[in-house]
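Q: With the hints as extra help, turn the sequences into a complete structure.
Taken in order, these protein sequences are the chains called A and B. Counted from 1, the first sequence has number 467 at position 367 by the working numbering; the numbering is strictly sequential. Counted from 1, the second sequence has number 46 at position 45 by the working numbering; the numbering is strictly sequential.
Think of the hints as simulated: they come from the structure by calculation, not from any bench. Here a beta-carbon is modelled for each residue, glycine too, at the ideal position from N, C-alpha and C. Any given hint could turn out to be false.
[As the list claims (entries may be wrong)] Facing chain B, according to a computed beta carbon distance under 10 Å, are these residues of chain A, among others: (1) Gly-176; (2) Leu-177; (3) Met-180; (4) Asn-182; (5) Thr-184; (6) Asp-230; (7) Leu-236; (8) Thr-237; (9) Ala-239; (10) Ser-240; (11) Gly-243; (12) Glu-246; (13) Leu-459; (14) Phe-460; (15) Ala-463.
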Amino acid sequence: MWSCFPGADFWVSSTFCLMVSFVINFFLIYRGLSKGIEWFCRWAMPALMICALVILVRVLTLPPNPNVPDQTIVSGLGYMWNPTGPDRTFWQAVTDPSAWLAAAGQIFFSLSIGYGIIITYASYLKKDDDIALSSLTAASGNGFCEVVLGGLITIPAAFLFLGPVFMKNLPSTFGMGFVALPNVFNQMFAGWFFGFLFFFLLFLAAVTSSLSMLQPAIAFLEEGLGLGRKMSVALLGMITAMGSFFVVHFSKNLIVLDTLDFWVGTFSIYLLATFHVLLFGWIIGIDRGMEELERGAEIPIPRFIRFIIKYVSPTYLFLVFGSWFYQEILSSPSQEGQLSRLEQIRDIPGAQTAIFLILFVSAFFLILIRRAVRRWDKIEMEGLDASVKEESA
Amino acid sequence: MTLSGWIIMALSVGGMTGLLTWCISKVLMTPGSTKHLHTQADIHSPDLDEDD
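A: Here's what the structure looks like:
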């Protein structure tokens with residue numbers, strides 16, 4: 101979160117920004133993915149990348165911090181990329197299941213795998229549309245932004261201006277860029293212009309992402325329950341507002357946001373993505389699945405991909421999950437006063453509230469899904485009856 | 002920054018840049034790509050046609 105009004109109370113200004121973002125999101129989802137958003141995706145995303153490349157050049161040419169000469173951009177890059185550190189060996193870093201779980205959760209989240217977005221958009225494609233090259237291009241574009249732009253800009257800049265002690269004691273990495281990047285813009289030619297452009301484009305890019313996250317739920321409410329667009333948007337808006345209220349109310353150390361982010365954005369997505377892999381490789385069947393993928397594909401798909409999807413991916417996902425589960429539950433580590441995820445749920449009211457919210461919303465949507473399945477069954481039966489009557493007539 | 006850090010950074014940055022460059026070149030050089038290749042912005046979901 102960031103302060104809209106310098107000097108204003110942080111809670112008031114961030115709540116105001118949240119409400120503005122909320123209204124923009126639901127106004128746009130009500131109007132549909134309009135031509136304006138399409139135009140934005142086509143022109144403003146490349147502009148955002150060019151803007152980020154300019155910032156990257158400036159970050160990599162920044163002089164050392166005058167107050168702390170040891171804090172150079174090279175040491176910032178080391179903080180980001182060195183696999184070893186003063187408190188961990190290479191082997192400890194590589195075998196930490198929490199890191200692998202977080203990495204898998206992050207890539208599933210940023211590629212929208214595991215929580216319905218890809219399935220919803222895939223349902224709008226035609227039978228012979230390319231999936232292989234389109235998805236590889238989208239994934240590599242996402243990887244470029246995260247690894248190259250994110251890995252070379254935000255964390256090295258934060259290290260340079262804020263120092264390793266500040267970064268180590270951060271309760272959460274949310275908002276690190278909003279603290280670090282203004283320092284970069286202060287040292288750039290026309291920094292005010294690039295700062296405004298970058299954050300404005302980033303905000304609009306975030307809006308398009310949240311629209312794509314809302315779209316599957318809207319599609320479900322409309323098609324599954326037969327609700328009109330107004331009612332669907334209103335219902336989803338109420339649920340989202342409830343979640344936002346708890347995030348704002350329990351704002352100390354962003355505990356609700358952090359708990360929701362882990363249990364929904366990492367843990368649940370990880371499990372659901374694992375289920376998707378099993379569904380594709382074992383239930384639909386790898387041959388049938390690859391036949392669908394190869395139809396209309398603009399690039400050849402190597403044979404070893406079948407082996408990876410069917411055997412390597414599930415093994416990797418189960419192994420990481422099992423190791424994380426063992427570390428989190430059976431060995432229950434509390435390092436340097438940091439509570440484990442389960443200890444947070446046991447001891448912190450904000451975390452308990454977040455878990456209650458997750459269970460409540462999950463139960464609510466399970467009831468809705470049950471109603472939708474019954475409705476679809478009824479429609480199917482009515483369709484069959486009508487066709488039988490037509491034939492007999 | 003250690004040698005292993007430089008190696009990991011070079012592999013990660015080089016790998017992602019190379020893959021993205023290859024993908025974009027394939028998209029641009031594929032004849033009639035607009036008929037088969039789609040982004041999210043191309044998708045016209047059916048509910049947009051409804052009056053409600």
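Q: All the hints need checking, so say for each whether the structure fits it.
A: Going down the list of hints, with the structure as the test:
Residue-level restraint check for Gly-176 (chain A) holds (minimum Cβ-Cβ distance to chain B is 9 Å; threshold 10 Å). Interface restraint check: Leu-177 (chain A) against chain B, minimum CB-CB distance 5 Å, threshold 10 Å, status holds. The interface hint given for Met-180 (chain A) is met, as the beta carbon of that residue sits about 8 Å from the closest beta carbon of chain B, less than 10 Å. Interface restraint check: Asn-182 (chain A) against chain B, minimum CB-CB distance 4 Å, threshold 10 Å, status holds.
The interface hint given for Thr-184 (chain A) holds, since its Cβ lies 7 Å from the closest Cβ of chain B, which is under the 10 Å cut-off. Taking 10 Å as the C-beta contact cut-off toward chain B, the hint placing Asp-230 (chain A) at the interface holds, the least distance being around 4 Å. Residue-level restraint check for Leu-236 (chain A) holds (minimum Cβ-Cβ distance to chain B is 6 Å; threshold 10 Å). With a cut of 10 Å, the hint placing Thr-237 (chain A) at the interface with chain B holds, because the nearest CB-to-CB distance is about 4 Å.
Given hint, Ala-239 (chain A) at the interface with chain B, holds; its Cβ is 9 Å from that chain's nearest Cβ, closer than 10 Å. Contact between Ser-240 (chain A) and chain B, as hinted, is supported at the beta carbon level, the nearest pair being about 4 Å apart and thus within 10 Å. At its closest, the beta carbon of Gly-243 (chain A) sits 5 Å from a beta carbon of chain B; the interface hint therefore holds under the 10 Å criterion. This hint holds: Glu-246 (chain A) has a C-beta 8 Å from the nearest C-beta of chain B, less than the 10 Å allowed.
This hint is violated: Leu-459 (chain A) has a C-beta 29 Å from the nearest C-beta of chain B, more than the 10 Å allowed. For Phe-460 (chain A), the suggested interface contact is broken, since its CB lies about 27 Å from the closest CB of chain B, more than 10 Å. Interface restraint check: Ala-463 (chain A) against chain B, minimum CB-CB distance 26 Å, threshold 10 Å, status violated.
Violated hints for the displayed structure, listed by number in ascending order: 13, 14, 15.
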